[in-house]
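Protein chains in written order, with our numbering: chain A, 1 to 146; chain B, 1 to 142.
To be clear, the hints were calculated from the coordinates, so they are not data collected in a lab.
A hint or two may mislead.
Residues from chain A that keep clear of chain B, each with C-beta distances beyond 12 Å, as calculated [said to hold, decoys possible]:
| no. | residue |
| --- | --- |
| 1 | Asp-4 |
| 2 | Val-8 |
| 3 | Thr-11 |
| 4 | Ala-16 |
| 5 | Ala-43 |
| 6 | Asp-74 |
| 7 | Glu-108 |
| 8 | Arg-109 |
| 9 | Val-126 |
| 10 | Thr-128 |
| 11 | Arg-130 |
| 12 | Glu-131 |
A partial selection of chain B residues facing chain A, derived with a Cβ cut-off under 8 Å [to be verified]:
| no. | residue |
| --- | --- |
| 13 | Val-20 |
| 14 | Arg-29 |
| 15 | Ser-34 |
| 16 | Asn-38 |
| 17 | Met-63 |
| 18 | Ala-64 |
| 19 | Leu-65 |
| 20 | Gly-67 |
| 21 | Arg-68 |
| 22 | Thr-71 |
| 23 | Leu-80 |
| 24 | Ser-81 |
| 25 | Val-85 |
| 26 | Arg-86 |
Some chain B residues well away from chain A (every beta-carbon gap over 10 Å; in silico) [unchecked claim]:
| no. | residue |
| --- | --- |
| 27 | Arg-5 |
| 28 | Val-9 |
| 29 | Gly-16 |
| 30 | Gln-44 |
| 31 | Arg-48 |
| 32 | Pro-53 |
| 33 | Val-92 |
| 34 | Val-105 |
| 35 | Gly-115 |
| 36 | Thr-128 |
| 37 | Ser-142 |
Note that the Cβ used here is the ideal one computed from N, Cα and C, for glycine as well.
Each chain, letter by letter, is given below.
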Amino acid sequence: MVLDASLVGYTTATSAPYEVGREKIREFAEAIGDDDPTYRDPAAARAAGYPDVIAPPTFGVVVTWLATSALVADLGVAPSRLVHGDQRLELHRPVRAGDELVTTACVERVRALAGNILLGVRCEVVDTRREPVLTTSATLVVRGEG
Amino acid sequence: MVLRRLADVTEGEVIGPFAVPVRRTDLVRYAGASGDFNPIHWNQRVARAAGLPDVIAHGMLTMALAGRLVTSWAGDPGALSSYDVRFSRPVVVPDDEAGAELEIVGRVRAVRADGTVEVALTVRSGGTSVLGKATAVVNLAS
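For reference, chain B alone in the conformation it holds in the complex (with noise of 0.2 Å):
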């Protein structure tokens, strides 16, 4: 992996896009990983019982993958020093082979002097936006 240096970012450079589907077995095992087995995840009657149109993917899965952009782009993971994000819309995964895509595309804000990058990450599902001011910030050596 390479590591990126302050000197090789520009303010406005887009980073992407990185295409990732969302599974039922996604849902599943990241339930298993992180403890987090909120039913909405995994089970249909539950989902609907809610007031959802069908299954929805943990909000926190989102926002790892979105990371991911981030993180493999600076090409060191411990870079990221701050993550924020708003969920904004659901992530609705149907029960069939393909699932639900993302589709994740970030976009340099602003390169401080200081070696810290500010990046804002759009994320689609289904033409539509799932996250909202989502935001990373990375510190990069010059």
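Next comes chain A alone, as it looks inside the complex (with noise of 0.2 Å):
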């Protein structure tokens, strides 16, 4: 597929439910060196006002990325292209334990630039009672063949 500006719009299917456990949750928190009670003891994020324990704000990425890899592949794109240019997040609440989300993902905008591509996607991610969660835009530069 051309990578051009005739994809902005283009937008995937909405993802399957992703599950928030509360492991996964330990070992993101783990992985980024966080201590942070609320992350791991849901006694804590019970007493912070959260009805279980929450995740750490760039987890939310974690979610959005499946998606925007499902939209990168459908365009073509090999992930060894990929470099991470710049990301936005906008949590409208924290993620946390038990949420079932739903991610969908478009292209937002398409620019080239000194033989690459810059390819803008934005995603948005639900819970089952479609309230928004959090909202994500980043930029991949899609690095040019040879």
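Join the two chains, each given in its own frame, into one complex according to the hints.
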């Protein structure tokens, strides 16, 4: 597929639900070296006003990266050609254990620059009640072939 | 953890610095936890073939580590409502015990009456800035 402005608006099918588990949150918190009890201890999370443990803010991008990867695969771009250029993250509420999140990804911008293509991808994540949870927008640099 | 109140925050206030090492083992752990197994983050041969000097850290790991400074300062990780970064330079991670070191500093850029506080973040590795336009917004109770 040719990567040009005609792709703007191209949208993936809504993803299968991603079920957020306590142990996945703990694993992610450990990987970023963060020992905040709100990520690990349900009692501490409840004391802070949350129904269950919450995820570190950038965990949201783990969820949207799956949909983004699916979109990029639809466009026929090999993952090895991708470089992450920028990332915007807007959290409407914290992601928490027990969430079932569905994501739609769409192409927001396409621009050629110095032999590369800059691909802007926006993701909207909602829960099972269709309430918005987070919105992301990323620029992926698709490096020119050869 | 102490919950930060809006009244405790002043514009221009410096947060940190916070220094954190990033070693190869941290990259492998982050790859597993995040599901991003791009080999440029763990395989020197692939990284060099892609034109990089060596293995580089996931941009999202750098973003997450810098985010820790803001969430621990706020005292509630759920207070963060938006966070934007540009990955301006790669964090090169050598294959040794020390790895790379990130030096992270925050500065309160704006305090608004609606309770939102904007924090500008600077992240350097090896004396070079690796994130551009890094900004986090937290919502604090008055």
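Checklist entry - Hint by hint, which ones does the structure fall short of? => result none
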